[in-house]
Amino acid sequence: MITVRGIAKHFGGLTVLRDVNFSVAAGEIVGLIGPNGAGKSTLFNILCGIIRANSGEITFEGRRIEHLQPHRICESGLTKTSQIVRVFAGMSVVENALVGALLHARSVAQARAEGLAALKRVGLSGSEERQASDLALVDRMRLELARALCTRPRLLLVDELMAGLNAAEVSAMLELLQSLRDEGITLIVIEHNMAALMRLCDRVLALDTGSIIAQGTPEGVSRDPRVIESYLGEKFARALNS
Amino acid sequence: MAVLQALVNGILVGGVYALITVGLTLIFGVLEIVNFAQGEFLMVGMYVAYFSYVALHLDPMLSAVLAFGILFGIGAVLERWLVRRVLRGPEISQIFLTVGISIALQNAALAFFGADFHSVHVPYQTASIFLGPIPISVPYLLAFAWGAAINLVLYFFLVRTDFGRAMRAVAVNTVAATLSGINVSRVRMVAFAIGAGLAGLAGAVILPYAYVYPTIGLQYVVIMFTIAVLGGLGNVNGAVIGSLIVGITQSLSALFLPSALQNLVVFALFVAVLMIKPYGLFGRSHAH
Amino acid sequence: MRTEAPWGRRTLLAIGALALLCVPLLHLSDYTMRVATMTCVYVVAAAGWTLIGGYANQITLGQATMFGIGAYVSTMLFVHFHVSPWIGGPLGAMAAALAAAVIGLLVFRLWGAYFALVTLALAEMVRILVEYAQPITGGPQGISVPFVRNSLWLLQFPEAKDYYEIAALLVILALALARAVQSSPLGYRLRAIRDDEVAAKLAGINVFRTKMIAFMLGAVLTALAGTLYAQITGFVDPDSVLSITLSVQLALYAIIGGAQVWWGPLAGAALLVPLGQAMTGSGSGAGAGLAKIVYGLLLVAIVVIQPLGIAGFVKSLQRRKRAAPSEAIAP
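Chains as they are written, first to last, in my numbering: chain A, 1 to 242; chain B, 1001 to 1288; chain C, 2001 to 2331.
Looking at chain A on its own, in the form it has when it is part of the complex:
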């Protein structure tokens, strides 16, 4: 589905990613973990074309995309939801979703219908006409997911969609993401909720200081000493401190 080779990114003198390599097969759900500042969101932004890498190749469904504009990448079937929630604050909920659907729809009416269907899937029925900025954070995250789904992605990058959800909501979200996979959408998921990640993912990539330090089954990666040292250990320490 997607193959990433030798991606590197520097901001000024700061190296955020160095030589990132991995690939994801169609139909997989892959988790991406790592401590804050490891470069996870930067990697997502590079895959979507929002940020350009300094070097490296990205092949998506047999096509090189690292030089493409974000909207071209989105057209070809790859988009993401953002960690910092980005809804169109001045629009209603259904209009937000509709904008995503305009990519394929032939009219605003058709896009609206697709938007409504997507809102139903993510559990936002009943809020269609509300102003997006009036939604609670959790619902805005759902809305962003709905908008992304409306662009009909085949590979969807999900950046921390479960932060702030309670246990029941996490379960519902997991079910939703799994049903997306069943429909043929491949997923890469950044998530700090390890329990959720273990249930959801077929495979996990661990990123630290700009490189992939481990990959494999969720169980395998969570037992990897380097991952424990750099990430899980840190989390554990944080839990102790709080």
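Derived from the structure by calculation, the hints contain no laboratory data.
No residue lacks a Cβ here, since even glycine has one placed at the ideal position from N, Cα and C.
Where hints are given, some of them may not hold.
[Claimed, not checked] Stretch-level coverage of chain A by chain C, calculated; a stretch enters the list once three of its residues show a Cβ under 8 Å from a Cβ in chain C:
#1 58-71
#2 74-81
#3 89-96
#4 145-152
Could you slot chains B and C onto chain A? The hints should help.
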């Protein structure tokens, strides 16, 4: 010879531009808004100096201090009652608030002082001193001296005094400044007031060789923006370099271009720089 | 809004358009009709600004360039080659669209204040060039449109009021276009860009192309208004058609009325142009000064209190009205 003369003139004009622009740059650095009324602050300063001359026979080089004081007050009031309210508002409010202020000031001048051109007569108006074979106009030299002095004072204020340091802290990172106990809204008000005051002072200082009329601000405002952006909006030292670049470009281009097209070169330079460096020569990108 | 019958709304708009065309039947004074005609010109010009500045929040301070191109191209074609403004106007509009394409290429990747400043600088460059090209453009002194005869083909009439029907027709066309854009895919894309450019890209929107289309469409509207202005006043000079003041004025009409809705420029210009004319009409330069002080203060007040302009007030009223009954029903 002509080139040397043009170079000297360019440096002189550049020094004056540095004085005119430094306020705009300071305001952008601390408040992150472009003050479109800066040209009108300059115009008000010119009128202050003009009326001081008419009523009190005060030399503009002295009434410059008065102009600074008056514009400082106007700036403080405007910041306190208006600018503060749009700092977190949409972009359109941030841009058009100061545009509105400039329209109001410009036309207030038109309504109260009329559209006539006014100037002052000072003894040194046409005097020149010679640097070797090159004549240097005294009014320009005085304005240049004011510009150099103000930039030095401002530099020491920003680097050596606590309030100046607080101002730089706010410019770099508002949140961190707030957390370290700086009264950010007071710093912003003072920065805006100083910025306005400096425009007023500059207006007085250029009066010996310039006419004052209600729309004079428009003559300077695009040049001011050009310089501020060349230097990187918000970068006070950059503005000085930008001023010299613009001053020299203007006077050198006068050698081979009709005077009507002088500013064309400056604006083209401005646009070209932004194409290559979207945040100016010495600017930093603002996260948005 | 969606709950209302669309046919009722459309009928209402048709009646409004018809009423606009029927104003001359009221036999108003020549002065009033002249003001009404000029108002129409500025509504169209400001509608051009709305498309890019309002819908997409790309705040240009150089829209006068488009007005000036419209005015100068048709006038120069008429003066030098005797081309009818019916041909010169559309040619001017095409020239303005071309200029918009070039300017857009330069400025669309700039952010916020930098965008505003560069559009301002580019507009000044155009003005300097026009002033310099004196042999063709008349330079800073401007150029007159010689009155040949009372003729629809030459778009020349003895009085400003005689242009009213054409100006009103252009208003209807411009606002119909602005309204159509607002509810079209293009309109939604522009709103998305206005709210969050990065999110718009992630939703598959070609941000550059979308801005460009809006900018060029807006340039066409403003240029057509410029041509009409030149015909009505019979005189074109850089101060009146290429100045920063005009750029600001067009934005001002749109913002006061409400820059994000199609009828914003109508509301803004209909309020401010007559106000300005009335105060200027009272005689001296002081009157003009006073009128524009009011402009400036209104602009200050509106951006501080309600940046969405008159439309913003209307919207918040509607919201309150809608919110009140539903709150009463809610358990």
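- Count the residues of the segment 74-81 of chain A whose CB lies closer than 8 Å to any CB of chain C, then report whether that count reaches three. This one holds; 4 residues, not fewer than the three required, reach chain C with a Cβ under 8 Å.
- Count the residues of the segment 58-71 of chain A with a beta-carbon closer than 8 Å to any beta-carbon of chain C: does the count reach three? holds (count 3)
- Cβ contact check, 8 Å cutoff: the segment 145-152 of chain A against chain C, three residues minimum: Held - the segment 145-152 of chain A has 4 residues with a Cβ nearer than 8 Å to chain C, which meets the minimum of three.
- Task: Report holds or violated for chain C covering the segment 89-96 of chain A, Cβ cut-off 8 Å, minimum 3 residues.
- Result: The restraint on the segment 89-96 of chain A holds, since 4 of its residues have a Cβ under 8 Å from chain C and three suffice.
When held up to the earlier numbered hints, the structure conflicts with none and fits them all.
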